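**Student:** Using the sequences and the accompanying hints, generate a full structural model.
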Amino acid sequence: MLKSVIGAVVALGLGALPVLADYPEKEIQGIIQWGAGGSTDTVARAITPHAEAALGGNIVMQNVTGGVGAIGLNQVADAEADGYSILFGAENPLLYKVMKLGDKDYSDFVAINIIARGVPILVANVDAPFDTFPEMVEYVNANPRAVKFGSTGPGGLPSVVTAMINSKTPLDVTFVPYDGDGPALTALQGGAIDVMPAVLGAAIEGIKGGTMKPLALFDIEASPQLPDVPTIVSTNPEFEEMLPWGPFFGVFVKQGTPDDVVTKLTAAYAEAAKNPDFEALIDGRGFKMLSLSGAEADTFLSEWQATTSWLIHDAGLTKASPEEFGIAKP
0 MLKSVIGAVV ALGLGALPVL ADYPEKEIQG IIQWGAGGST DTVARAITPH
50 AEAALGGNIV MQNVTGGVGA IGLNQVADAE ADGYSILFGA ENPLLYKVMK
100 LGDKDYSDFV AINIIARGVP ILVANVDAPF DTFPEMVEYV NANPRAVKFG
150 STGPGGLPSV VTAMINSKTP LDVTFVPYDG DGPALTALQG GAIDVMPAVL
200 GAAIEGIKGG TMKPLALFDI EASPQLPDVP TIVSTNPEFE EMLPWGPFFG
250 VFVKQGTPDD VVTKLTAAYA EAAKNPDFEA LIDGRGFKML SLSGAEADTF
300 LSEWQATTSW LIHDAGLTKA SPEEFGIAKP
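Counted from 1, the sequence shown has number 138 at position 139 by numbering that gives the first Met the number 0; the numbering is strictly sequential.
Warning: the hint list may mix true and false statements.
Said to hold, decoys possible - Each computed DSS-like pair below joins lysine-lysine, with the alpha-carbon atoms no more than 25 Å apart:
{"#": "1", "residue 1": "Lys-103", "residue 2": "Lys-273"}
{"#": "2", "residue 1": "Lys-207", "residue 2": "Lys-328"}
{"#": "3", "residue 1": "Lys-318", "residue 2": "Lys-167"}
{"#": "4", "residue 1": "Lys-318", "residue 2": "Lys-103"}
{"#": "5", "residue 1": "Lys-287", "residue 2": "Lys-212"}
{"#": "6", "residue 1": "Lys-212", "residue 2": "Lys-167"}
{"#": "7", "residue 1": "Lys-207", "residue 2": "Lys-147"}
{"#": "8", "residue 1": "Lys-328", "residue 2": "Lys-318"}
{"#": "9", "residue 1": "Lys-287", "residue 2": "Lys-273"}
Claimed, not checked - Label-pair restraints from in silico Cβ distances:
{"#": "10", "residue 1": "Asn-57", "residue 2": "Asn-140", "range": "46 to 56 Å"}
{"#": "11", "residue 1": "Glu-270", "residue 2": "Ala-78", "range": "19 to 29 Å"}
{"#": "12", "residue 1": "Lys-103", "residue 2": "Glu-239", "range": "11 to 21 Å"}
{"#": "13", "residue 1": "Pro-329", "residue 2": "Glu-26", "range": "20 to 30 Å"}
{"#": "14", "residue 1": "Gly-209", "residue 2": "Glu-237", "range": "29 to 39 Å"}
{"#": "15", "residue 1": "Pro-257", "residue 2": "Gly-283", "range": "17 to 27 Å"}
{"#": "16", "residue 1": "Asp-81", "residue 2": "Glu-270", "range": "34 to 44 Å"}
{"#": "17", "residue 1": "Asn-140", "residue 2": "Glu-270", "range": "31 to 41 Å"}
The set of hints was computed from the structure by calculation and includes no laboratory data. Every value quoted in this text rests on a predicted model; they were computed, and no experiment measured them. The beta carbon of each residue, even a glycine, is placed where N, CA and C say it ideally should be.
**Tutor:** In structure tokens form, the structure reads like this:
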């Protein structure tokens, strides 16, 4: 009714009024592909209120876990391409094909915003009998399979970091799977596991609070937030050729979503990424802000997929060669 009135006003030459946007007309379902308390969950829930304000709509967040994130991804992939189901995802889908965890990846989606990149860190239970990466290697070699490593399944950050480690320093440890780094880090603090490769953003509060201890930052530069934590290259320079590397967090919609909806969501999340409170959270947790969309996001995703797929393939962790899916070796 209101639209017809506006149209009549314009037709009568009484002024050019803006056309009212149809989207969003109802609540938007936001699917987080990892569990509560993890880094993807934290970033998604921190940025979205600012995006809601810019969008003028309500996004209802839900954690849908399982299948190394594939259950949440498939839920959005199976929904209508109308912008009312959006995915808050991490890097894992880019490895689904080579890990034979699914036939979809982010080429089936439109990247609304690649928000930030995380920095991997190796953390241990405070009572673990080692305090540095070299000490851990020495202990593992002396006690095969005695050390329990947390894992989030094939293709998750822990598996990639473990592939990096094993490519240089093979370790005989026991892996214990969890649905996301949040539950795994909780288990680490409770003593159920000894070591966890995690993203710095998810572990930093525990490190600062003294409930877990850092062994090594998997980066070539020290973290401003934790300047006393050694980088892996400071003790083991052979890792430098594989770094920097890190997981990422992004917002995606299904391919085929109308262009105007993509444009509105992209603008809303780009604006949200500039919010001072959100920027402070990203900086404080040791993430590196990216806020990429369009061609820049596509290039980032393509390069990340190629680098990581071949890294874990060369480590013998894939179930199919990246070549089968046209993923060229960097």
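**Student:** Against the 25 Å threshold, does the CA-CA distance of Lys-328 and Lys-318 hold or violate the hint?
**Tutor:** Measuring from Cα to Cα gives roughly 16 Å; hence the hint holds.
**Student:** Holds or violated: Lys-212 with Lys-167, Cα cutoff 25 Å?
**Tutor:** This hinted pair holds, its Cα atoms lying about 23 Å apart.
**Student:** Does Lys-273 sit within 25 Å of Lys-287, going by the straight-line distance between their CA atoms?
**Tutor:** holds (13 Å)
**Student:** Does the beta carbon distance between Pro-257 and Gly-283 stay inside 17 to 27 Å, or does it fall outside?
**Tutor:** Once the Cβ atoms are compared, 36 Å apart, the range 17 to 27 Å for Gly-283 and Pro-257 is violated.
**Student:** Take the C-beta atom of Asn-57 and the C-beta atom of Asn-140, compute their distance, and say whether it sits inside 46 to 56 Å.
**Tutor:** Check passed, 54 Å falls within 46 to 56 Å.
**Student:** Using the C-beta atoms of Glu-270 and Ala-78, is the stated range 19 to 29 Å upheld?
**Tutor:** holds (25 Å)
**Student:** Quick check: does the Cβ-Cβ distance between Gly-209 and Glu-237 fall within 29 to 39 Å?
**Tutor:** holds (31 Å)
**Student:** Within 34 to 44 Å or not, the Cβ separation of Asp-81 and Glu-270?
**Tutor:** violated (22 Å)
**Student:** Does the Cβ distance between Lys-103 and Glu-239 fall inside 11 to 21 Å?
**Tutor:** 34 Å Cβ-Cβ, so the 11 to 21 Å window is violated.
**Student:** Lys-318 and Lys-103 were given as a pair; does the straight-line alpha-carbon distance stay at or below 25 Å?
**Tutor:** holds (15 Å)
**Student:** Quickly compare the C-alpha distance for Lys-287 and Lys-212 to 25 Å and report which way the hint goes.
**Tutor:** At roughly 22 Å apart (the allowed maximum being 25 Å), Lys-212 and Lys-287 satisfy the hint.
**Student:** Indicate whether the distance between the beta carbons of Pro-329 and Glu-26 respects the range 20 to 30 Å.
**Tutor:** violated (42 Å)
Of the numbered hints stated above, those contradicted by the structure are hints 1, 2, 12, 13, 15, 16 and 17, listed in ascending order.
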